[in-house]
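Starting from the structure of chain P, add chain X where the hints point.
2 protein chains.
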Amino acid sequence: MVQETTMLERAVGPTEKGALTHNGDKGYFFRNKTLTTSTCNPYIKTFKAMEYAARGPVILRAMQIEAELRSGVKKPFRQVIKANLGDAHAMGQKPLSFVRQVLALVACPNLLETTHYFPDDVKLKARSILDQCRGGSVGAYTDSRGLEVVRKCVADYIERRDGIPSDPENIVVTAGASEGIRSCLKLFKGVEGEEKRSGVLVPVPEYPLYSATLGEYNIAKINYYLDESDGWGLSRVELERALTEGRKVAEPRAIVVINPGNPTGQVLTRSNMEQVIRFAYDERLVILADEVYQDNVYEDAEFVSFKKVLSQMPAPFNGVELVSFYSCSKGFVCECGLRGAYFECTNMDPEVKSILLATAAAKLCPTVLGQAAVACSVDPPRPGDPSYAAFRYEKDNILNGLGERARLVTEVFNSIPLVSCSPVQGALYAFPNVQLPQSAINAAIRLGQEPDVFYALELLEETGICVVPGSGIGQKEGTFHFRTTILPETSQLVDMLDRFKIFHLNFIKKYATLET
Amino acid sequence: MVQETTMLERAVGPTEKGALTHNGDKGYFFRNKTLTTSTCNPYIKTFKAMEYAARGPVILRAMQIEAELRSGVKKPFRQVIKANLGDAHAMGQKPLSFVRQVLALVACPNLLETTHYFPDDVKLKARSILDQCRGGSVGAYTDSRGLEVVRKCVADYIERRDGIPSDPENIVVTAGASEGIRSCLKLFKGVEGEEKRSGVLVPVPEYPLYSATLGEYNIAKINYYLDESDGWGLSRVELERALTEGRKVAEPRAIVVINPGNPTGQVLTRSNMEQVIRFAYDERLVILADEVYQDNVYEDAEFVSFKKVLSQMPAPFNGVELVSFYSCSKGFVCECGLRGAYFECTNMDPEVKSILLATAAAKLCPTVLGQAAVACSVDPPRPGDPSYAAFRYEKDNILNGLGERARLVTEVFNSIPLVSCSPVQGALYAFPNVQLPQSAINAAIRLGQEPDVFYALELLEETGICVVPGSGIGQKEGTFHFRTTILPETSQLVDMLDRFKIFHLNFIKKYATLET
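Each protein sequence line maps, in turn, to chains P and X.
With this note's numbering applied, the first sequence corresponds to residues 144 to 659, in that order.
With this note's numbering applied, the second sequence corresponds to residues 144 to 659, in that order.
Just so you know, these hints were derived from the structure itself, not from any lab.
A few of these clues could be false.
No copy is singled out in the list; a pair is fine if it fits within one copy or between any two copies.
[As the list claims (entries may be wrong)] Here are the computed lysine to any residue pairs in the SDA-like style, where the Cα-Cα straight-line distance is at most 20 Å: (1) 329 to 186; (2) 329 to 180; (3) 496 to 185; (4) 339 to 186; (5) 266 to 253; (6) 237 to 253; (7) 496 to 175; (8) 237 to 256; (9) 295 to 497; (10) 237 to 257; (11) 237 to 279; (12) 329 to 366; (13) 329 to 361; (14) 339 to 361; (15) 496 to 203; (16) 329 to 358; (17) 237 to 252; (18) 266 to 252; (19) 653 to 560; (20) 329 to 185; (21) 538 to 442; (22) 339 to 180; (23) 644 to 563; (24) 496 to 179.
With the rest of the complex left out, here is chain P (with noise of 0.2 Å):
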């Protein structure tokens, strides 16, 4: 039976086990959280990357500046502008009508029958997904990899864009891109203790999903860097020296490519892909090719899939592993909350895209609404469709807006003294260079921040604007950068970059005389 320790074993016993503290008026011992910092797995800590940029110094601050706007105090603005986040209904794009319409139905079929609000093709499609459904509801698990009808929309979508076929066993449908971007890097794991780590090449600056995921799993990050001079091109001298430079720590097993970039917004040229797919073969690298912003290209710009580049060149080249990750968070649908993302492999073993199944399996199924709106995103009204007239409006809208918003923010940054920014041609940022003044820098050293983030406080305080400063992203040492998104409203954006302007340009002569 149970045997029950004394009160006095309790207090002198378990000393070994961890620090006490005795409480003389109750008579017994309180003992020290068992998860601590300090016992709690240290590689997770390299999360606080991710939490940076999420909830940094700058958006705390800004949290508490919208509490302190609602409780009446007096600012120079009315409203903190979130700039900071690639979330484009939070900024007031509309969701597209097909498939929020699509996602009610499935969610309650029974409006399929009681309501005539909804156009024909937006039944077709919801009907679509039911039927592939276990018990014909959205409730019920599906294959791990997600239905296999969302999986067919997607290959027919890839088919569509590159013209090159596409299987749905290849295609795996995830809860947003991140999951799917954390499945694929933690394959590169090694045994724990091996002489060498295995590494994974990522861009400078980056999404600081990639630096956490990595430190997770104690994999080593070898930066490369992206050329600001050359429009944030990818050069091969630079991915040689980035990787002899890796090769002294750990074993490079993979390279990250995002494209359209993020926060930088070029889109690579098909000759620097074709560079990228030639390095990745001569050094035996995996190709994560983090496409989430495929639809969102402006001006000239075109963006061409790394999918549809390698299948085009000759082999030995064609066989490069690939992993190219799409999601429903960007594009024109920008549905973050609804978490549909998908991610297809290229020339991958297959042993090894079952050990990425039974991993995917561990997380049961991905939301079945947001495989829904996986499959309306790849799969939207067609000419003829009832849906087809609003959709095109819809979208031509919001991509309109984006690619105006786009050649704004360039110009405007562009005109500015001690600012400069490349064309932004694809994604939702612009990530302008600023060049600060010494003298503001000390200012920024004396109190202990980065002197980027010193700048984007007070850009905060004094305009409301809310933006990520590059430290959190990665920068060049020696350079200054923010992100901000191009997801205002262009008139809010118009206003938005005046203020800005009207601060810098204060900031600049405030500093610059502290300097003389």
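Frame of chain P, contents of chain X only:
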């Protein structure tokens, strides 16, 4: 500029990098894949355990048989009964109208104005969620812990359930309980290469997510056996034994308790839980309470949460660290496909909590529609609300059906020779013990199969009933079990149990004859 390697360099140079295969015809070399089972993260192979339960030999054969039936092959049955998975909607359970109506409205808020289909409390619930979504859209990211309105509904639910305060700040909404369990388990991973790994106590039999996740994080799984002869209860003697055994190879840091039990169906008594809490205190273990079946309790059994028992114990026991898990995939809602769940931390170190939140941030946010399902699941209509009558009818219907079937399976299994089954007091499963004739065991061994897999495959072939063999879940050496759900509708279940009985008696007879 780019330095191109020649064909010759590529063919000869990289021999040290991996095996090459000469392709004589084409004159260049194909390499082995970069990522193969031998170079791939060795720890995630443990997910095979998970895959086993989800896609083991019995399930794979069931899928083949379904295909054969579709193609017209004659079998002694018309359809496969998938009694392997706790997936209520797949087995014909209808979703709760309230949940689905709220989902339709938050997905498509236009319906708030355009139809008269929705009761006022449904509209109110939908508006309460939409009001907190940025831009009024479920397509915007939420706080990575989940919307505040959802966490408040959860805290209210816990307060009503336990009569003890609950703070929304201690609640994290996740896309399914699996995700939350994984986030918490990984906290216990220690530094690589340290002398002793961390260990976590896990019940046998278990839900295989635990072994799979611990394997991935290279945390030792320390088995403690539930006592079948005592209705699958926990005994302190066995916990002590397991701990002593575990300490030889690992540093035990936490204990997982599944209550109500999966696959065992027991509901722990308060005194049993107090025992576990004292043990956790004495041995400095964090308690991970998998309470996802808290609404699935039948007959006289009563679910009491670990938080309630712990809070009502005297100090220092009420200071034990606890995380408890809830899921709307289970209970009476059973919305597996929506991926809505939460966990609540009690007595957690604030810094560890902030690390947990940072890891959640890497996933950006849980599906907002899944969050809405959580809000509906923990805060359904109340007496007086327009939807209450329908909700009450649907809920009672589901829970009464489950209760009836829980009694039924227990009775029938215990009426069959060489089969015994602990009462199904809770959850969605029975886990009967089957004594197999020695000649059947020998036959299995000759085929290289686990004897219970052999038995389950014969059951499947002859009756179409698909169950999970105990060897995939864990059982005491030399005993054989299978897990079946109690989800088939009562008439189907009666038929299934009839067929099972006939099969079993024939099986015993056949192999007993072989023995003589």
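Quiz item: So which of those numbered hints doesn't the model satisfy?
Solution: The structure breaks none of the hints.
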